[in-house]
Amino acid sequence: MQADNRASIKESLLVVDDNEINRAVLVGTFQDEYNIIEAENGKEALDILLQEKNSISAILLDIVMPVMDGFAFLEEFRKRSLTGVIPVFLITADTSERNMYRGYQLGVMDIIEKPIVPYFVKRRVNSIIELFRARKSLSQTVRHQHGQIMEKDEEINKLNYALIETLSTAIELRSGESGSHVKRLSRLTRFLLLELREICPDQIKVTDEEIEQIAAAAIMHDVGKIAISDAILNKPGKLTAEEFEIMKTHTIKGCEILSLVPNYQDNVLYRYAYDICRHHHERWDGGGYPDGLKGDEITIWSQVVSIADVFDALTSERVYKKAFPVDTAVDMIYSGQCGKFNPFLLKAFEEVLKKYDYAAQK
Amino acid sequence: MNLEEVAKALAIDLDASVARFAGNRTLYARFLKKFPDDQSMTQLQTAIEQKDSQALERSAHTLKGVCANLGLSRLADLASAVVSAVRNGDADSLYADTGLLNDCRKEYDRVCKLITELQ
Ligand SMILES: [Fe+2]
Ligand SMILES: [Fe+2]
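Line order of the protein sequences matches chains A and B.
Mapping the first sequence onto this note's numbering, position 160 (from 1) lands on 160, and the numbers just tick up by one.
Mapping the second sequence onto this note's numbering, position 65 (from 1) lands on 1065, and the numbers just tick up by one.
Keep in mind the hints are simulated off the structure, nothing from the lab.
Note that the structure is a prediction, hence the values are computed from the model and not measured.
Even for Gly, the Cβ is constructed at its ideal location relative to N, Cα and C.
A couple of the hints might just be wrong.
[Stated by the list, open to error] Calculated pairs, DMTMM-like style, for lysine to aspartate or glutamate (alpha carbon to alpha carbon, straight line, at most 20 Å): (1) K1034/B - E20/A; (2) K53/A - E76/A; (3) K205/A - E76/A; (4) K1034/B - E38/A; (5) K1034/B - D1109/B; (6) K248/A - D266/A; (7) K1033/B - D18/A; (8) K1106/B - E1049/B; (9) K1033/B - E297/A; (10) K158/A - E212/A; (11) K1034/B - D18/A; (12) K122/A - D1015/B; (13) K1034/B - E40/A.
[Unchecked claim] Take a look, some chain A residues computed to stay more than 10 Å from chain B by CB distance: (14) K114; (15) P118; (16) R123; (17) K152; (18) K183; (19) C200; (20) E210; (21) Q213; (22) Q265; (23) V330; (24) G339.
[Said to hold, decoys possible] Here are some of the chain B residues that sit facing chain A, going by a computed Cβ distance under 10 Å: (25) F1031; (26) Q1050; (27) K1051; (28) V1083; (29) R1087.
Using the sequences and the accompanying hints, generate a full structural model.
Dropping the structure here:
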């Protein structure tokens, strides 16, 4: 079975000896089972090794050689972190304690005395190669399993995301929105954060992963609307002052709903979602609700969701209004008709609109 | 002389030696015939003339390895004795008292002579 295996793969053995007769002996011993590559000194062996690292199963190494001897080769071998990756066997007429000690110190697997006895040498070399092969396949298995776990993880994340999106869309549909508001909002949030990070890298230090989490959290910004009655939510005309006060509570209600989610209060996504639910109607000048936060008191992610929300609402049709063209919406935001925004954020917004064809996403 | 006769004269363990050449007698004979061209003995002579003990150790070591693989055990033993002598710091007495080196040279010449007679 093993022999079959080897014949089909024909792995290589690197034989390093300056003496032709010595090489011939090793070639004769192993040529049936392996493809043999010969080198006359350490330097030659090293050159070959660097080219064919992956196909060489073991190295049979002489000690005394011109140009670069066996020990110097082993030093180079170690410098290139190959020790323990490819097994090395010292084949030597000199099995003095001093030499053997030095060889083992330099990481050789076994020391074989000349004259070699082919049968024993084959056994010793093959069993070590077998061991290395098993170890390699084991580590590949582990790597493979790790990959599978990561895939599963990814799958669960996608499922979570899909569930969040579905529920949020359901809420959105109830308030007479198009059903894709949250998707566009989430995308715009991502673009804005990427842009902000580029414009002011010193202030905005978010990782790609954090941006993804914020974009996912943004989807939940209006979950609190589930607690607002249809009469107010879908009222075609302008809300009365009293009705508007009730409408405003969707921010706080959203947080109340989120806080009912068990065990996830420490989750990053949860913390972003909580903050965004509560503060996506705050304004830079303190004119927003529910807490009247001002400037940098509002987290950058809530600021981002806020401008994205306003823009998408303006450019979409609602029960109480028609859709404004993109240009009009931009003018309304810049002129402060929808409240004040962070100047950096307005700059990023401008850039994003240049880069991404927003209308095409609708 | 045929291979058996040469092996007998040189005290070569023929089976074990042929086994080292994939069990192929012809291959073994071919490499045995190459032995007189091997440079380690020449290098050993040069090392002695130049009183270079490092080169002496290296060449004697190489000679030992080649002889051992070819089954030339007597010459391998003599070469091994030279290696030990140099390692024990006796290189100077080696250069002065040439007993061991003479034995080595004599055996080498005998080996080469018999090998050339191999048909
Ligand atoms: Fe809202
Ligand atoms: Fe919204």
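Note to self: Given the hinted pair K1034/B and E38/A, is their Cα-Cα distance within 20 Å?
What the structure shows: holds (19 Å)
Notebook entry, point to check: Measuring from the C-beta of K1051/B to each C-beta in chain A, is the shortest one below 10 Å?
Noted result: Interface hint status for K1051/B: violated (20 Å vs cutoff 10 Å).
Next item on the list: Could you grab the alpha-carbon distance between K1034/B and E20/A and see if it respects the 20 Å cut-off?
Entry: Within the cut-off at roughly 9 Å; holds.
Item checked: Pair hint outcome, K1033/B versus D18/A [Cα-Cα no greater than 20 Å] -> Holds - the C-alpha atoms of D18/A and K1033/B are around 18 Å apart, at most 20 Å.
Note to self: So Q265/A supposedly isn't at the interface. Is its beta-carbon more than 10 Å from every beta-carbon in chain B?
What the structure shows: Holds, because the least Cβ-Cβ distance between Q265/A and chain B comes to about 74 Å, which exceeds 10 Å.
Next item on the list: Measuring Cβ to Cβ, find out whether E210/A lies farther than 10 Å from everything in chain B.
Entry: Its Cβ never comes within 10 Å of chain B, the nearest being 64 Å, so this holds.
Check: Can we trust that R123/A is non-interface, i.e. its beta-carbon lies farther than 10 Å from all of chain B?
Finding: holds (14 Å)
Margin query: What's the verdict on K1034/B and D1109/B, does the C-alpha distance respect the 20 Å limit or exceed it?
Written below: holds (14 Å)
Next item on the list: Mind checking the alpha carbons of K1034/B and D18/A for me, to see if they're no more than 20 Å apart?
Entry: Status holds; Cα separation ~15 Å.
Notebook entry, point to check: Taking 10 Å as the cut and beta carbons as the points, is G339/A off the interface with chain B?
Noted result: The assertion about G339/A holds, with a minimum of 88 Å to chain B.
Next item on the list: Given the hint that K248/A pairs with D266/A, test it: the Cα-Cα distance must not exceed 20 Å.
Entry: Since the Cα atoms of K248/A and D266/A sit roughly 26 Å apart, the hinted pair is violated (cutoff 20 Å).
Check: Hint check: is the beta carbon of Q1050/B less than 10 Å from a beta carbon of chain A?
Finding: At about 17 Å, which exceeds the 10 Å cut-off, the nearest Cβ of chain A leaves the hint on Q1050/B violated.
Hint compliance for this structure: hints 3, 6, 9, 14, 15, 26, 27 are broken, all remaining hints hold.
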